[in-house]
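If you read the protein sequences in the order shown, they are chains B and U. Residue numbers for the first sequence follow the working numbering, beginning at 1 and rising by one. Residue numbers for the second sequence follow the working numbering, beginning at 1001 and rising by one.
Derived from the structure by calculation, the hints contain no laboratory data. It should be emphasised that the depicted structure is a prediction, and the values quoted were computed from it without experimental measurement. One should not assume that every hint holds.
[Unchecked claim] Computed footprint of chain B on chain U, listed as stretches where at least three residues anywhere in the stretch have a Cβ under 8 Å from a Cβ of chain B:
(1) 1169-1180
(2) 1237-1245
(3) 1263-1277
(4) 1284-1290
(5) 1309-1315
[Said to hold, decoys possible] Okay, the calculated bits of chain B under chain U, using three or more residues with CB under 8 Å as the criterion:
(6) 33-46
(7) 572-583
We put the CB at the ideal spot given by N, CA and C, even for glycine.
Given next are the chains, with one letter for each unit.
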Amino acid sequence: MKKKIWLIKDPQWERRLFLNRSILGGGIALLLVVVLAARLYYLQVVNHDHFSTLSANNRLTLQPLPPTRGLIFDQRGVVVAENIPSYTLEVVREQVADLEITLQVIATLIPISEDDLQRFNKEIKRKRRFDSVPLRFKLSDEEVARIAVNRHLLPGVDVHSRLVRSYPFGMLTAHSVGYVGRINEEELQQISATNYAATTHIGKLGVEKSHERYLHGKVGMQQVETNARGRIMRVIERQEPTPGENLHLNIDLELHRVAEAALGSENGALVAINPNNGAVLALVSKPSYDTNLFVNGISSQDYQRLLHAEGIPLFNRALRGRYPPGSTTKPIIGLAGLEYHQTTPNQSTFCPGWFSLEGSEHRYRDWNKYGHGSISLKRAIVESCDVYFYSLSLRLGIDQMSSYLRQFGLGLPTGIDIGDDLPGLIPDREWKRKNKKEGWYQGETLITAIGQGFTLATPLQLANATATLANNGIRFRPQVVKAMENPDTNHYSLFPNQHATPEGKVTPLTPSNLRYIQESMIEVIHGERGTARRINPNSDYRIAGKTGTSQVFTLGQQEKYVAKDLEKKLRDHALFIAYAPADDPQIAIAVIVENGGGGGSTAAPIAAAVISAYLKPISSDALDESE
Amino acid sequence: MLSTNQSNLFSRLHLDSLLLGQLLLLALVGVFTLYSASNESVEMTQRQLGRLALAFGVMFFFAQIPIEMLQRWSLPLFSLATLLLVAVLLIGTIGKGAQRWIDFGLFQLQPSEIMKLAVPLVLSWYFHDKPLPPWYRHLLVSALFILVPTLLILDQPDLGTALLIAISGSFVLLFAGLRWRIIAIMLLLFIPLAYLFWLYGMHDYQRMRVLMLFNPESDPLGSGYHIIQSKIAIGSGGTYGKGWLNGTQSHLDFLPERHTDFIFAVFGEEFGLFGIILLLLLYLSIVWRGLYISVMAQNTFARLLGGALSMTFLIYVIINIGMVIGLIPVVGLPLPLISYGGSSMVTLMASFGILMSIHTHRKLLTNS
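Let's have the full structure, built from the sequences with the hints guiding it.
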C-alpha cells in the first residue's frame, strides 16, 4: 500500500532530495580534499627534511678525478716516462640503434681484433648504458680520420683522447724504470681505495713500482648533479687533483744506449754507480723488451712470446741475475789478506799452474797451466793468478774471507731504492751447516777465493762492491732516483738517502793496503801484463779494474777448455769490474756477458765504452743525432 | 549594463562564464606545469595547447546541444558504446599491452571514453521518469547498465577507467536518492567482493601496485620506484616549493611518467603545499559549481546527470593525486586538464559542455 504512494512523482520532494544529496556530495568533496591536504601536509611539512635529503642524495654524486702521473727524466733531463694522449674508439650503448650492425660497419673501416671484441663485449655488459666503453685502443691518425669521415653512419661511436703512459725508450729503460699496468685484484687490496678511485693504472715494476706513491699524486673530487640515469648534468663543486711528482733519475740514458750497443747481441748486464754517493748511473740487462706493450694490457700472445723468448727478456739480470763472481772478487780477498796480516806486498808464492791440498791428489788448476812462477799479490791480481789466492785463502780461512766480502755488500741485498734485487750468496761454515747439513771442506775455501763454488753475486752487488773499493771502503745504498720535482711549484727536492750517511764502512782498512790493491787494479788495464790491457784508453784518465771468468760447467781433471769447441751456452761467463778515473773515481762499473768467454776480451771493452761515454762529455750534436 | 551584455553574450553562446573562467585558469596552470614537466619542451607544450583548443571546442559543441536531445540520445549512445567495447575485444589493436583502441584508419577511437559519458547519461535517462528514491527492480536494471560496461573495460584490462565508470554510475544512483540501507549493505558487500576481485579479477602487475602502496621500499628500483620518487619530489617541495622549472626530481628524470600520470608530483615539487592548496581549492570550486548548476536544473535527468558528472570529475582528481602521494594504488588516471594527453581531456570537457548546456538552456526555457 505504501509503495503506491511512491509511484507518484513529486517534483518538489525530488528537488529537496537532490539538494540534500548535492550538499552531501559537496561535503564529501571537501572531506576528500581535506584528506589529501592532510597527507600533503605530512609529506611536505612534517617530513620535508627527510625527503629533501633523499632528493639531494638522488641527484648529487661525488666523483673522483684522476691525478696526472708524474713524469720521469733521466740524469740529463731526457723524458723516459711520459703521458701522451692516445686515441681510443669508444661506444655508448644508449646511443647506438643496432650494436651488431654498428660493430660490422666499424670493422669495415678499421681492423678490430678478436681480443678487442671479446673485451668489449665483456665490458659493455658490466657498464651502464650511457657509459662510454672502449672498443679499440691506440688508433693511428689515419684510422681516426677514417672514423671521422664516416661519423654520420655511426651515432654513439666516438674517438676519445686519453692520457696513456708511454716510454719513449721502453727497450732501454725496461729494467730500471719499469712500467705501469692496469690495477689488479691483489693491488686493489693494498692501495687506498679513495686515492685510487679514479686511477686505472699502477706501477708494476722498477721505478714506476717503487716510487708509486710519489708518482701517483692525489685524487681530486667533483660534486656533480646527475640525472636518474647517472649522466652528469653540471658540476657543482670541484677540487682539482694534485699531480704526482716528477722524478729525476741518476740513470744516464746515454750510458744505457752505449752499453746496449756494446753488448750487441750478447745476453748480459751492466751496472754503473757513482762511488761518491751510490747514484746508479746505468742499470742495463739484455735482452730487453718494450715496456709499452704492458701499459694497456699485453695480449696473451705477446706475453707468451716474451716469456719463452730466447734469453728470457723479462728477467732482470742486473738486479736478480746471480753469477759466480769469478776473479772479480780477488782484489777484496787480497785486501783481506793484507789487513789480517796473512800476506804482505813483498811476500811471494810460487805458482806451478796448479795447487793441491796436503794429502790430496786433486789438482786445483790455475787458468795458466804453465804457471806464473814466483808471484806477488800485485802480480797475482794483474795476471789473475789463481794459485796465489788458493794459498792465501787457506791462511785466511773461510769465515774471515766471507765476513770481509760481506762488508763490500756481497751476499746481502744492496738496499737499492727500486728494490727487487736478490742477495746473492757468500758461503761460510754456518751457512753450509744450515743449508747443506754438512761440514765445510778446505777445497771449498780454495774455490771461494776465486769466486767460484757456492759464491753468487748480482751485477748490482759487484758494481756496488767496486764502488766501495773506489771510495776507500765507504759503501752507499745504490740510488736510482735522485730527486723529485713538484710539477706545480717546481719545488725540487733530493731524495733523503742521497748524500746521506753511508750504508757501511769496511774495517779493518788501512789506506796503504787499499792503495796497494787499487794500484794493482790500475795495472790490470795499464800494466804490460794486465788481463785487460787491451782496453787501455790512452787518454787523460786511468781505469782501475779486474777481469773475471766464471765457469758455467766443470771440466774433468784431464780435459782442456777450448772455447771454440764448446757450445755457446756452455761457455764461461765473462766479467769485468772497473772504476775511473783511477785517481778521482767518478764511475764504478760491473759488466757480465753471459757465455761471453774471457772477461778481459769480452766484458772489459764494454765497460771501457761506457766509462768513456761517461767521462768524455758528449757534444750536443751527438745528442741531437741520437734523438 | 555591461555585465548584462556580457551575460547575454555568454548565454547566447550557451556558456557559463564562471565555470569557463575556472576551467581556463586550470588549463593555464596545466600548461605551465607541463612546460616544466616536459623539460621545457616547446613542442610538447604546443601540442598540449592544440589539444586544449580541441577540448574547449568539444565543450563548446556540447554546450550547444539542448538537454532534451541528449536525453533522447542516451540509450542509443550507450548501446553504440557497448557494441564498440565488444568490438574492441574482438578487433581492437594492441596498445600498451591492453586492448583499448579501435583503429579507424584516420583516427583511433577509445570506446571506454565514450562510456564515461554514456553510463551517467543512460542512468539519468533511465531514472528520469521513475519514482525516486529508486525501487529495487529499477535498481537491478540500473546495476546492469553499470556492470556490463565496467566488466567489458575491466577485461581490456583498464582498471582505472572501469573504476571511474562504476563510480560515475553509482553517483547517479546516489543522487537519485538511493536509500542509506542499501548504501550500507553495498559498502559491507564491498569488502568480500574486493577480496574476491583481488583473488580472481586482477592481473599480477595490478596486485603488485596495490602491495607497493603499503611498502614501496621493498622494491625501490622496480614497482616501488614510481611511488618512492614521487613522494620524494613532493616531500622535498616543502611549503613553498622549489620554484617553477626548478624541480630537481623531475628535471633530472628521477620521476617517471612525470608529464602524464605523475605530473602532480612536478607541481608539488615546484609549488609546494601552498600551490597545492590553491590548486585543490580550484578543483573543489569547479566541483561545487557543477553541483550548484545541477541543483538549479529543472528536471530530474539534468540534475542526476550534472551531479554525477561533477562528482566524477572530483573522483578523477582524488584518484590521481591519491595515487601520486601514495594513498591509493597506482591506477593509470591522468590529472584533469594538467596531465599531457588528449582523449580523457576531451571527454571531461564534453561533460563540462553538458553542464553548461544544463545551465544555459534552463535560462532560455525560463525566458520563453
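| Residue count check for the segment 33-46 of chain B against chain U: does it reach three with CB-CB under 8 Å? | Coverage by chain U holds here, the residue count being 10 at a Cβ distance below 8 Å.
| request: Confirm or reject the coverage of the segment 1237-1245 of chain U by chain B under the rule of 3 or more residues with a beta carbon closer than 8 Å to the chain's beta carbons. | output: holds (count 3)
| Cβ contact check, 8 Å cutoff: the segment 1309-1315 of chain U against chain B, three residues minimum | holds (count 3)
| Can the segment 1169-1180 of chain U be counted as covered by chain B under the rule of three residues or more with Cβ-Cβ separation shorter than 8 Å? | Check passed, 4 qualifying residues.
| query | At a Cβ distance under 8 Å, does chain B reach at least three residues of the segment 1263-1277 of chain U? | reply | holds (count 5)
| query | Are there at least three residues in the segment 1284-1290 of chain U whose beta carbon sits under 8 Å from a beta carbon of chain B? | reply | holds (count 3)
| Counting residues of the segment 572-583 of chain B that have a beta-carbon nearer than 8 Å to any beta-carbon of chain U, does the count reach 3? | violated (count 0)
Comparing the model with each numbered hint stated earlier shows that hint 7 is the single one that does not hold.
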